[in-house]
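Put together the whole structure using the sequences plus the hints.
Chains A and B, in that order, give the protein sequences.
Residues 1 to 318, numbered by my numbering, are exactly what the first sequence covers, in order.
Residues 1 to 552, numbered by my numbering, are exactly what the second sequence covers, in order.
Careful, some of the hints might be misleading.
[What the hints assert, rightly or not] With the C-beta cut set under 10 Å, the calculated list includes, among others, these residues of chain B facing chain A:
1. Ala56
2. Asn59
3. His63
4. Pro145
5. Lys146
6. Gly147
7. Ile162
8. Gln209
9. Glu250
10. Leu254
11. Pro259
12. Ser267
13. Ala446
14. Ala460
15. Gln468
[Stated by the list, open to error] Simulated coverage check for chain B against chain A, where a stretch passes if three residues somewhere in it have a Cβ under 8 Å from a Cβ of chain A:
16. 227-235
17. 417-431
Just so you know, the hints here were simulated from the structure itself, not pulled from any lab data.
Beta carbons are placed, not taken as given, at the ideal position from N, Cα and C, and that holds for glycine.
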Amino acid sequence: MRKYLARRAVYAVGTLLGVSLIIFVVLRILPGDPLVAILGVEGHAQMRPADRVRIMADLGLSDPLPLQYGRWLVDIGAGRLGRSFFRGDTVAELILHRGPISAEIGLLALVISWLVGLPVGILSAYRPNSIPDGVARTLSVLFIAIPGFWLGMLIVLALLFWFGYKAPIVIVHVWENPWQNLQIVIGPAMVLGLAQGAYIARMSRSCLLEIIGEDFVRTARAKGVREGRVVFRHALPNALLPVITISGVLLGFVLGGSVAVEQAFGVPGLGRALVTAVIERDIIVVQNLVLLYASIFVIVNVLVDLSYAWLDPRIRYG
Amino acid sequence: MSSSTVTRRSFLRTVGIAGGALTAPAFVSRPARAQETPSPIGVDPSAKRGGTLRYAVHNAPAHFDVHQSGTVANIGPQSPMYDTLLRRHPKDGQTIIPDLAWKYEISPDGKVYTFHLRKGVKFHDGADFTAEDVKATYERIARPPKGVVIPRTPLFATVGDIVVVDPHKIEFRMTQTRPKAFMLGAFASGWNIIVRKKTLEENQGNLRQVMNYPGTGPFRHVSRKDKEIWIMERNPNYWNKGLPYIDRLEVYHLFPFTPELGAAFLSGKVDYARLLDPVSWRKAKEMPGVTAAVFNQSVIQAFWTNMNKKPFADPRVRRAIHLAMDRPTLVEVVKDTAPMQTGGFVYPFHELSTPRLELEKRLGYQKDMKPAVQEARRLLKEAGYGNGIRNLDFVVRDLPTFRLWSVAIQAMLKEHLNIETNLRVVQASVWFDEAQAGNFDLAISAIVSTLMDPSDYFTAWYGKDGPQNYSRWTNPAFHDLTSQIDRELDESKRKTLVRKAEDILEQDPPLIPVAWEQIYDAFYNKVHGQNPSTYFGIYDVVRWDQVWLAQT
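Structure (structure tokens):
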């Protein structure tokens, strides 16, 4: 197990180094001048060549690219993560302030996706082709198909025009005011969670249908085991492995989707910070946030792999 | 002699009394002290004190240096902490009144501007405000150090020496005269906040990453959450005694023209919203207890034609394109995205420009497009492009208004002139790279000026080497007129010159005007003391010192 863990850790670090290199290169070859956002349109138009040289040097952008990359890796190692080009805030501060909100949204979305997706999947599989199954399948396709940001905007507008309601517009952490915090995170979490729940419902339905047809389930029924116990004790644990696998993948969708959904709900989380940084071409912020998202994705998938052994004793890692 | 006859004695007595009356204060009283010379913005006896004003304006600033900025993202949250030499009166946003300078004099030849500064004014860090701070501020604005770029520098191009006469008197000596309205407008611009000499020295003249540098303004910094909120409190030592009225100012960073900003206002999360989208603004207008205001912004929306590309070197081609634009329709196209109005090459509401009624009789501005299109087709044919032009690269800045307009303009060009364009939508940073490098045939965006006066933007937008002359347009007759407009001190002669310049621009367009921007504000009626309906732009009346809340 330790050997396996060490190997996975090495792979994870290699993956993240690869990701960091790709982000670094892509951000530097993309067209567009970051000084437009710093100086504004009028200032940029007036900039003298000597000003450009000075500002680029101040920002560390005139150094050779390998040096810039090396400096970034050193910053990551030291936990500093660099500073925003513009206001000089550290990216670590940004993550510490906004990260909890985005983490809450992500975790809540994951919980919602399981709370909604799994029962719906079980219901569908237990009574396939029944009316509840038809309704569940239609709704799951609908939630997969509807873009999260659009649904988010509809919810925001509906709440506003029908009830004159808008969630708090600045970050309120859960330890400051849990009720206000819930108002901020619940909307994006519901939108993201329902979309992922739809995937889980479909996956759990098909897996359960397959497992329910297996010999050991028939044997359990033949032995007179109650139906609920057959499903929840025997069939479901065996059907869960693919669902857990897809949950790891879906977390990537949650992370990616949160960027647009946070924007739609006006939640000042990390996703929104990423959007703003992209617009401003604040490449230090962009590269660190993208790397953070990639790290979360890699770590969650390692955890998912490890959870297999716990869920299925037949699986052993050498 | 009759009793009404002026005798030598009565004459001398009258002259003596008059002379004494005029000169007595100089002998009897001490020199005027600033605090004894109240600001024209006095205390309103009906105003209530206290409370928190929640103000939503634009997204967060990219940096903190107001002088180096060109966006309300800085002016919005930071201006309440600073003062300027002169300012625009909040009652109309136009009248120029004293601020840190309680009095100013202009020499008869217009070459020396003398400012008498208030005494007893303190920066938020407790330091005294003196003429040295004004000198350091304006030296930096007029002649920025390397690596510092200040969009207002051209306004002070004719400022030579800045001389500190005494700690509370400073002179600006001009190398050339400029119209009084232009120079006073420059000094009253909200951008030109006075900062401490020491602050500039400690930061090598660059305040981009200095979040809280001391000002003398009515509010002091309390806290800031990046991209969320900037909180300020009342400055108890503010020199204008009795102001400000409100105790706390919360500035929320919300993207302009977005449903998010609209939702924040309509749900009552903020008391005052600036740059509302039209849909939210119209909704706000219907709400009881809300005032919805509209006013002129200092921005032209336009597209440029690349003069270095063959068809556009010919003014007939550019005029044909200019005439082919159905401007009322273009305003209509974006009516749910941003408020706009039609206009030509000069601010359509400025006293020097052609009046709107007259303008609307001209080709290119009429509601009936037929005569303009006929003339456009004739011009294009005469220029040798009677069959149209193909494959033009139309670079579009990636914003909703430009995306909508580009499609409409593409259709108008095709329908009226058989000109075919390929749209290329790019981010702002790429747009400016392409525009400055000349990698475009047509390119659509917006540009801003500080002042309404043509002497500000004629050079920047239409000047031979103007920073926003993306077309690389030149017209010697126009440049000569610009130079005359800059120096002419007689307003009526200036108006004639500006009208002549307008005529040149109509015949030989340096850009194709699409629309002139407006601003939608809305505020709950508990907010008093602010009436933006006659303001010009969002960069001058931005201090909130005169605003009070009915319910606190």
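Now for the hints, and whether the structure bears them out:
no.	hint	verdict
1	Ala56	holds, 8 Å
2	Asn59	holds, 7 Å
3	His63	holds, 5 Å
4	Pro145	holds, 9 Å
5	Lys146	holds, 5 Å
6	Gly147	holds, 3 Å
7	Ile162	violated, 21 Å
8	Gln209	holds, 4 Å
9	Glu250	holds, 9 Å
10	Leu254	holds, 7 Å
11	Pro259	holds, 7 Å
12	Ser267	holds, 4 Å
13	Ala446	holds, 8 Å
14	Ala460	holds, 8 Å
15	Gln468	holds, 6 Å
16	227-235	holds (count 3)
17	417-431	holds (count 5)
In terms of the numbered hints stated before, the structure departs from hint 7 and from no other.
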